[in-house]
Amino acid sequence: MFRSSWLEYVIAGSITNSVSLFSSEHVFYACATTMSERQVPTTVEQRIIIRFLVGEDVKNTDIFVRLQKQFGECLSRAAVFKWAKAFKDGRKTVENEPHDRRPRTSVTPDNIRRVEQLILEDRRINVRDISAEVGISIGSVESIIHEYLQYRKITARWVPKLLNFEQKFTRLEFVAAYRSDTRQRGTIF
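Going left to right, the sequence shown walks through residues 67 to 255 as our numbering numbers them.
Any given hint might turn out to be false.
Claimed, not checked - In the DSS-like style, the derived pairs of lysine-lysine whose C-alpha atoms are separated by at most 30 Å in a straight line are:
#1 K125 with K135
#2 K154 with K125
#3 K158 with K135
#4 K219 with K234
Since the hints were derived computationally from the structure, they do not count as laboratory data.
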């Protein structure tokens, strides 16, 4: 009972330096087995072990060797040293610090609407300017323009790939007027 509850503290990250009932080697492997059964991410698992071994005053190189022995493929040597230093400096958590991230995908309805609005305001706007204005990558802007809005660049202007009914009708009227005009005046060429 005491062992499993102590391992629960290890898994939860509540490791203390005063607990030394078992050899660190025994706890190291027992801890790794228990965490694997709980489906803890491998990197977090290794950080917990690093934190424990730092508390046991194990050298960083030995920590790295033991992680390699236990996991085979493990954190890099530099990462082990970085985490060991962080734990020696007083860090308590084994999870990554929360940080602002870009959205996983920049192709959202809001961004599509903003890109379309920018194109309609200025048909000569380039992809780089749209990217800077909307705050998404050039590749995402190109994806929105070509795949979602179905625009293409013709003579430095963005135009729809397919004409809507109104545009087709206007084009037909223009061609008919041009044709009748050339018939009346004769061929120009």
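Each hint tested on the structure:
1. K125 with K135: holds, 15 Å
2. K154 with K125: Holds, because 11 Å separates the two Cα atoms, which is no more than 30 Å.
3. K158 with K135: The given pair, whose Cα atoms are some 25 Å apart, holds under the 30 Å limit.
4. K219 with K234: Given that 30 Å is the threshold and the Cα spacing comes to 19 Å, the pair holds.
The structure shown violates none of the earlier numbered hints.
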